[in-house]
Structure formats: structure tokens, C-alpha cells
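Chemist: Respectively, the protein sequence lines represent chains A and B.
When we follow this note's numbering, the leftmost residue of the first sequence carries the number 392, and every step to the right adds one.
When we follow this note's numbering, the leftmost residue of the second sequence carries the number 1312, and every step to the right adds one.
Note that these hints are calculated values from the structure, not bench results.
Do not take every clue at face value.
With the Cβ distance kept under 8 Å, some of the chain B side facing chain A (calculated, not the full set) [what the hints assert, rightly or not]:
id, residue
1, F1435
2, Y1509
3, D1681
Glycine residues also receive a C-beta, built at the ideal position from the N, C-alpha and C atoms.
Take a look at the letters that make up each chain.
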Amino acid sequence: MSFHPLMVYDSERFQKSERARLDEGKPFEFTRERRAILDDMLTKYPPEQKRSAVLGALYLVQEQEGYLTASGMRHVAGILGMTAAEVEDVATYYVMFFRERVGTYVLQVCRTLSCALAGAERVTEALSEKLGIKPGETDPSGMFTLLEFECLGACDRAPIVMVNNEHWHEQASAESCAKLVDDIKARGPAALSGCHLEVER
Amino acid sequence: MEPILTKYVREPNSFTLDFYLKHQGYDALKKALGMQPNDIIELVKASGLRGRGGAGFPTGLKWQFVDKKIEPRYIACNADESEPGTFKDHVLMERNPHLLFEGCLIGCWAIGAKVAYIYIRGEFFHVQRVLEAELARAYAKGYVGKNILGSGFDCDIVIHRGAGAYEAGEETALIESLEGKRAQPRIKPPFPAVAGLYNKPTAVNNVETLCNLPPIILNGAEWFTSLGPEKNGGPKLFCVSGHVKKPGVFEALMKTTLRELIFDHAGGIRDGHRLKAVIPGGSSVPILLPDQLDIPASFDDVQKAGSMLGSAGIIVMDETTCMVWAARNLLYFYKHESCGKCTPCREGGDWLYKILTRIENGEGEMRDIDLLVSVGNNIAGKTLCAFGDAAATPALTTVKHFRAEFEAHVREGRCTVPADWRASRMPVGAH
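All chains should be modelled from the sequences, with the hints used to inform the complete structure.
Modeler: Shown next, in the form of C-alpha cells:
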């Protein structure tokens, strides 16, 4: 097969897609409880619009597996009547879905302007130093992943660190970060200050 | 002024249904269900209520445009509060969820919708839990669901969790995301009022906008317009953050000046520092300088001053803030959040970030400054949605007001405005 006599066509060297391959993961099926949650979710949308529940379904896969696997996405595709490519298309767009294995605790430091003005860069720096990893990496023990995140919408209590897409830690500081990591190791998400609106009620 | 939307937010249990019912809760819904839907639209038009999400478009008009001949119709509540510097809907939903439900129901009654979808950003999961628990109580007491308060009106409210996409705050992108697709904007027209969610007529309204409806129904249009300057009536939530002593959400009238918001409500600049620049409406709007702050914080006055009130996210920066750094920080945000649909924004945002990084690191050349302006001007106005304009703004506005600072970076080959709160060793925010 050659389209030009002087061109070397070599599938090993040239015809390789740069598209990131998804991790296949374990064979996937929702647990009965999660399947029930998804079925309930589907009742909220018109019957012919099952696709609307795809974000919710992907959250459930992530909850079960820790991240989104290809087999999990195929399972979702089957339930919602989508193609696997359509599910992947959605999954790769939203930042709260992890497409590779992450640590038990994913530390998501807000880096956008208001948090940065309050010292978010120093927070990232201190966490990075304490954990010995750069933003975007997981520590060797598999306990922590450090990520920089975009505006979390709590600029009055900057800088904010979010853990595992839901638990908030407000007014973080470079000084308190080492303690925070040790505290999370000891007590899990309970170590976090929580959103003040939640705490103050 | 006495707060209207946030009057009880500091009181314990203010988020509960019982508390809400004790303070005129759902009275507006009762009154509204006794009115003709069209009369509600006329009332909201007369009140001059303008959308609180950013564009300031009159809500009554938006509803009037909803095509009443096509069934079903929808309300999509935009609770994807993601504009940097904005955190007002957060407090409303966390502390006053029933006000939002009541607003959704009134909106649905007015346009004849049977479902309101509240699209809440994924990061507000703790808020979503409050909403879900309180919504279940409202269902149980018959304020939401079938035959609401015996009126024969059926209406459901569905809370839909997003998954981290700034662009989902754009109304057509929000609809796409609700449909289970990437949050990318659609070509307009058709506008959502004609073909929105599932291709049906849809009104997309911000949380704060919907929360203004119950007080309007109860107190009338005249009362609402009397609060604040002409065409900018009603209470408004302002979010002040950055280098101020008491950052927070403040409810005020739009005749309050920006200076009062920053120096009285938010306690002024931190000690020993002085004000350098203010972004008055979320990161997407042009900067105002300290001598431009004696204007009412209304949609029209801020626009006259050359900026926009936007989502009323007021970001305050003192003299330790390097403007090249600030622009670069925001451009990282915009390049990261660009949905990638339109080339000027997808590619241009990335280039603006690269050029700003070069200048900030002291590797820039003088011509880079003009290049920034050129690239910026080739994004603004050339994309499907307002994101392109938003992405170009931080670069254009900082060069316009602080060109000397950019030149100093190039001349001296380093950042000339160091600050003790910025990264000291590693280039974070630049991975």
C-alpha cells in the first residue's frame, strides 16, 4: 500500500493516533443500589431523552470504580441508548470526571484569580512540597492526587481546596497545608473545614 | 437597606420549609396561581426585572418570547455559577432554597411549563444535598408536584448536576449539557425561547433572577422599580472578593456606588495597601480604576463607565498585584474552559496565554504587547457566544490601562511587581 513512491508508509512509526486510549478497567456492571439510583434519575427526563442522565450515570461509574473506565462507559452507553463514542465524548469534556486512576483523596486547589490573590499559588506549592508531587500527579502511595481547579465559586473564603469533587476546605493557607495532609490521613474528609454556610447553620 | 433575598440567611435553620412558611413562604405562589399567566408576565415586565446572570436582559421580555403554541415548555434555571469572582447563588441556594423553588414555580406558571430543571454546577454538591432534601419536603407538603395547592397546576422541579464546565453557564450550552452532551453553545437564532431544551420553548433564568419573583408578586411592580435607579430596580446581590478586609456577599440597591460596596460593605483594602484596580462584574469584564468607582453599581452606570456589571462579582486588587500576572491567571482559566467550538476562542485564548506567560517570565519583546491586542481583537466578537469576548477582555483591558507595566516587564526581563502571596519557587498555575 503506497500513495507516493518516495513516501515510507510504516504503521509502526507513522500511522499512530495520538488520541489517549481509555483504560479498559474491570468488567463493569452497576451494583443494584446504583442501578436503582440511575433508574430513578431516568424518570426525571422525558422517556425518549434518556441521554440527559449521562452525567449522573458517569458520576455513579466514578463512585463505583474510582475513575471512568472504558467498560464502565460502555455499560452506561448500553443503558442510555448511546454509542460508546458519544459517552466518551461527554466524559472527556467535563473536568470532574477522572479518566485514570486517582488517589483516595483528590485535592483540588482553586487557582483562579480571587483565590490566587489570597495565596492559592502558595497553597498548591506547599501541598506539592508536602506530598512530593507536582499538580496533576498522584503520590506513590496512591493516597493523594493534587490538581489545580478553576473557580469553585467561594471567593469570599479563598483560597479553597475541594476534596473528591465534594468536600470543601476554606481559607486554606500555605502554613496549614502540611497539617491538613496529616489530618486527612488521620481523619479523612472530616479533617476539612467544610463550607462555612454548611457549618454555620 | 433591609435585605429582601438574604434577610434571614444568617439565622439558624433559615433553609428549612418550616422557617420559610413562617416568613411568608409560598404566599407569592398562592397569589400567582390566582392570577392569569399573562398577567404575571406583564407584571414582571412592568417591574423591569433584569436577568441577574450577567447580560441584564429583561426577564419579562424573555418570557414573552417563549412560544406559547408549542408544548411542552421548560424553565431551565442556571445555577452553574462559575464566573470567577461570583458566589451569590451559592448563598441563596444553601440558605434560601425554597425561595428558588417558589421562583421556579411562578416562572413555570407564567410560561406554562410543567418542569423546571435546576442545572447546578457539580462543585456545589453540598448545596445540592440541601436542595434535594428541601425539595423532597416541598413535594411532601404539596408545594411542588401534582395539583399544587389544589389549583390543578402540575409542576415538577428537577435538580440536575453538572460536572465542571464554565461554558455550561451560557444558556444554549447549558441546554446542550442538560440534554447529555458537551456544554457547547448553539448557533442563535433559534433562541431557546423558540427551540431550547429538547427543541422545545425554554426560558433560561439565573437563580437570583428567579428568587426576585416572589417579592415582585407579593409587593408589586411599582415597589420593585422604586428600589434603585431607573431600569435597574430591585435588590441585587454583590460579591466582593480579593484584597479587601471582609470579602462576602452583600445585598444592596443598584444606586449604591462601587466605592461604597468596596470600602463600606467589604471593609476596604487590607491595611497598609492601596487600591490598584477593580473588576466589577466577574472576570469577563473590563477593569475600572480607583478614580472610576463613584458610580452607582447598576447595569447601565457601570456600562457607561466602560465596563459591565455582569454577574456583580467585584474582584479587588491592591498595588501588590502584577497586571500581567492577573491577565495571565485569567487567560489560563479561559484557555482551559474554552469549549473548543469556535476557532478564534479555542486557538486565540491559548495564544494570549502563551504571550502573557512569555512577558510575565521576562522573555517577551515589545512587539508582543501589540500582538496581544491584535490577537485579542481577533477573538472578540468573532465567536458564537460571549465567551470569546470574555476571554479577550483580561488581556485587552490590562494592556489598555497598564501598558507601562507590560513594557517594564519586557525592558527589565523580569516581573516588576513581586508579591509575597504568589508562588515563590515553582511555576504553579502553568502546568
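Chemist: The structure should be examined with respect to each hint, and the outcome stated for every one.
Modeler: Consistency of the hints with the structure:
Interface restraint check for B/F1435: the shortest CB-CB distance to chain A comes to about 7 Å, inside 8 Å, so the restraint holds. The criterion of a C-beta within 8 Å of any C-beta in chain A is met by B/Y1509, whose closest approach is roughly 6 Å, and the hint holds. The interface hint given for B/D1681 is violated, since its Cβ lies 25 Å from the closest Cβ of chain A, which is over the 8 Å cut-off.
Violated hints amount to a single one, hint 3; each of the other numbered hints is respected by the structure.
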